[in-house]
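Chemist: Now for the letters of each chain:
Protein chains: 6
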Amino acid sequence: MDQKTFDIGLEIRKSVLGAEFVEKSFASADDFNRPMQELTTEYCWGAVWGRDTLDRKTRSLLNLAMISALNRPHELKMHVKGALKNGVSKDEIREVFLQVAIYCGIPAGVDSFRIAREAFADIDAGN
Amino acid sequence: MDQKTFDIGLEIRKSVLGAEFVEKSFASADDFNRPMQELTTEYCWGAVWGRDTLDRKTRSLLNLAMISALNRPHELKMHVKGALKNGVSKDEIREVFLQVAIYCGIPAGVDSFRIAREAFADIDAGN
Amino acid sequence: MDQKTFDIGLEIRKSVLGAEFVEKSFASADDFNRPMQELTTEYCWGAVWGRDTLDRKTRSLLNLAMISALNRPHELKMHVKGALKNGVSKDEIREVFLQVAIYCGIPAGVDSFRIAREAFADIDAGN
Amino acid sequence: MDQKTFDIGLEIRKSVLGAEFVEKSFASADDFNRPMQELTTEYCWGAVWGRDTLDRKTRSLLNLAMISALNRPHELKMHVKGALKNGVSKDEIREVFLQVAIYCGIPAGVDSFRIAREAFADIDAGN
Amino acid sequence: MDQKTFDIGLEIRKSVLGAEFVEKSFASADDFNRPMQELTTEYCWGAVWGRDTLDRKTRSLLNLAMISALNRPHELKMHVKGALKNGVSKDEIREVFLQVAIYCGIPAGVDSFRIAREAFADIDAGN
Amino acid sequence: MDQKTFDIGLEIRKSVLGAEFVEKSFASADDFNRPMQELTTEYCWGAVWGRDTLDRKTRSLLNLAMISALNRPHELKMHVKGALKNGVSKDEIREVFLQVAIYCGIPAGVDSFRIAREAFADIDAGN
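Protein chains in written order, with the working numbering: chain A, -10 to 116; chain B, -10 to 116; chain C, -10 to 116; chain D, -10 to 116; chain E, -10 to 116; chain F, -10 to 116.
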């Protein structure tokens, strides 16, 4: 592990997904999934999100499109919330998901709109 | 068909993919694929690309990520070229595809990097 | 928007998915997802379902196969119910999903059979 | 192996894909891929295509939709040719692929239209 | 149907997924899904799992990787439990899913780790 | 970058894919794709392939299954060759791809068998 990359990743991950959520993920990790927590933090959040060239808002927009295409609802919901933290507006999320509907198909678009509304409802409810 | 949306779509499509390419696509269309040409121009390029809120550069970035995830090499190559026309730099394309490698997996990333290099070579060769 | 295509789409969508469901979808729409409701109605239900050549029963059969392959359970359940409205029998649904099991793999087939049984149970329960 | 199911499968496979093609596939098979040839013939073409309820034309329509969604160009081209043998018209293939464009996304539709045109050109050239 | 292949498949399926589960699946089957139960048992569990060359533990490892890639959570959970029965250790499951995270992308890895933990919790709770 | 993980990754990558191929990949890399070469070497080949618990032969078997499911022919061909280097026999490759045919569908199986035969032919031709 590269400690510096891990530390950068941990900071970004907390900033995007919420410090409390990330701390809870590490606290509840056991020998089974701790290596996955560490790999994700270093490799995904440090080695890639930590690069310059694209800002965090743009990376969030890309993730909304990609994770819709990949059909991963749990991760998509989390990244809708993260996108709002990174300065993506609801209007921009709508535009991404209309583009998803055209390029990935209507069912992908419908699913992403539903998940976004669930994420918004969570936030309104203080979750 | 909504003529106005179609016309907006045709202008954007020509601007992103090249007027010559688009005109050739329509000229070579027959009864079999003309409805697909029209549907794509009106809905994809008019009804979605024609919306404001996200600019063309951002829509190109989203497409690079999504079409990588969707695993469609022909379309990806075309949209790499289109992205350059829309002001996306090679450095930014690299960043999108590193993010693809993390979220869609290493084989998706490797394929997208190879296709991008083919697109760059086409352009350098004047194609 | 092409009003005529939208109107044809709205009629077909209501006929396949149920007028009450569609009216509720529009009534509960907000600025965030109304453009998606409109795009789906015009583009999917009007511009494509509204074409002749293939009848609605055949389009339902195609959707059962495609949406199984696309792995979109919410949409699949809705289209199982829609297929029954379009004259597809339970025996025909079974045949489509056996073909799904062979071409998309056993896990896809198992998921589609389970979802179909949930759809049938909903209908039997008056939902 | 159930010989009866295998024999039904072999007859249907030859009828849809061409006797010459199927015989060549078996003749060129070695210990490595013969079990795949046999599995496909017995289960795919015998145990599923050999069932009644859906006729061959309908099964071809389903395959065009599913294999487009699955993104398998070699198989799709073969099944475009098979669909024509099973009585699917070019107009009907166009309709299936417009529906693919809506439900699986524009890039899937574009790819399927291109592959269909390659299949038609092969046939016109006597291949 | 080949009775011998079916019988081998039934024995293996019971051994991997649990006799009680399989018997309940057949007992609750109706005319709609019985053909799917039979196809799966003969074709998947008999004609493929019944082959030698690869032992059951290796086949379980392959399934964990493939079903993660295919994004089928219900089937994955069942095969995590089956893998443990076939002698795959929790440490080995972790290694497969780290490899999934790299090759299929981080969201696929995250989903598979979560599903594995649900499977372990089910087992600890006696389910 | 963690130099130790990178070095382990480079050694494993060369051992599996061939030293000449890997050296050529780095030699031909430019500013555009060098970061992808480095990311792949460190994280994929170092941080994951470099872990114990699963041996290289097992990791190759998993990759054959996963990359078939992911539908990435270039990468699959390379990993068929790598699998042979890691001690996987042709008979074992056949078994993996029969299991692919069942779980990912017949078209996936057919494609993987064809690609494997191309890989074998390359090797026989000294490539």
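Don't read these hints as lab results, they were simulated from the structure. Bear in mind that the values here come from a model prediction, so they are computed numbers and not experimental data. A hint or two may mislead.
Which residues of chain C face chain A? A few of them, derived with a C-beta cut under 10 Å, are [stated by the list, open to error]:
1. Q(-8)
2. F(-5)
3. S4
4. G7
5. D20
6. T29
Note that beta-carbon positions come from the ideal geometry of N, C-alpha and C, so glycine has one too.
Chemist: With reference to the structure, classify each hint as holding or not holding.
Modeler: The hints, checked one at a time:
no.: 1; hint: Q(-8); verdict: violated, 20 Å
no.: 2; hint: F(-5); verdict: violated, 15 Å
no.: 3; hint: S4; verdict: violated, 17 Å
no.: 4; hint: G7; verdict: violated, 16 Å
no.: 5; hint: D20; verdict: holds, 8 Å
no.: 6; hint: T29; verdict: holds, 6 Å
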